[in-house]
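Student: Sequence:
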Amino acid sequence: MPTVQQIATEIVAREGGFVNDPDDPGGATNFGVTIGTMRRLGLDLDRDGDVDVSDVRALTRERATEIFIEHYYRRPRIDQLPEPLQASVFDMQVNSGTNAVKILQRLLRDMGQEIAVDGAIGPQTTTAAQVAYDQAPDYLADAYGIARRNFYYRLADRRPASRKYARRRDGGKGGWIRRAEEFISPKYQLTDAEHRERTAAWG
Numbered sequence: 028m029p030t031v032q033q034i035a036t037e038i039v040a041r042e043g044g045f046v047n048d049p050d051d052p053g054g055a056t057n058f059g060v061t062i063g064t065m066r067r068l069g070l071d072l073d074r075d076g077d078v079d080v081s082d083v084r085a086l087t088r089e090r091a092t093e094i095f096i097e098h099y100y101r102r103p104r105i106d107q108l109p110e111p112l113q114a115s116v117f118d119m120q121v122n123s124g125t126n127a128v129k130i131l132q133r134l135l136r137d138m139g140q141e142i143a144v145d146g147a148i149g150p151q152t153t154t155a156a157q158v159a160y161d162q163a164p165d166y167l168a169d170a171y172g173i174a175r176r177n178f179y180y181r182l183a184d185r186r187p188a189s190r191k192y193a194r195r196r197d198g199g200k201g202g203w204i205r206r207a208e209e210f211i212s213p214k215y216q217l218t219d220a221e222h223r224e225r226t227a228a229w230g
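Here the sequence shown is numbered in the numbering used here, starting from 28 and rising by one per residue.
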């Protein structure tokens, strides 16, 4: 398994640089770190007394990597999950906050584990994840990736403004779907035709 530093570096590269897309509920973002996260952490990088878009622009790649490792990997206890799950859950935690863990918890419930879906990794979730992994070691990481992909599709179903993240203008797979499939074995990735069929109702 790659180190957490390697995973975080890949996430930063995947997220790209500064973006301030009005259709993104997260607002201004740099290297995947949102203005909301920077305000929560009090990162007034230009020392002008507030945390605004200029601070987001000033964020460095190295600082973003540190934020992800500490606040999106260690503090949420992703390091306590079975290793094959960690990279995808970590990546999703950066991309969608506690939805990352809720997706896992719902998956574990579907697999027969009686746990709460609360977005927090505690003893119940870590035990349930280990039991599920022991039962299906060659399946669980793919199952999580598929559940994550389905989450993105459902989100775009409900929110038309988000569809551009799931489907490109030419109808191909958008960034969200490609991102989820980076953690899914090739045999479980959708063909272009399957993706187009799944998104046909969007018009």
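Be careful, since some hints might not be right.
Calculated lysine-lysine pairs in the DSBU-like style (CA-CA distance at most 35 Å, straight line) [to be verified]:
{"no.": "1", "residue 1": "LYS214", "residue 2": "LYS129"}
{"no.": "2", "residue 1": "LYS191", "residue 2": "LYS129"}
{"no.": "3", "residue 1": "LYS191", "residue 2": "LYS214"}
These aren't lab readings, by the way, just hints derived from the structure by calculation.
Student: Are the hints correct? Go through all of them and say.
Tutor: Each hint, compared with the structure:
1. LYS214 <-> LYS129: Roughly 25 Å separates the two Cα atoms, so the pair holds.
2. LYS191 <-> LYS129: holds (24 Å)
3. LYS191 <-> LYS214: Measuring from Cα to Cα gives roughly 25 Å; hence the hint holds.
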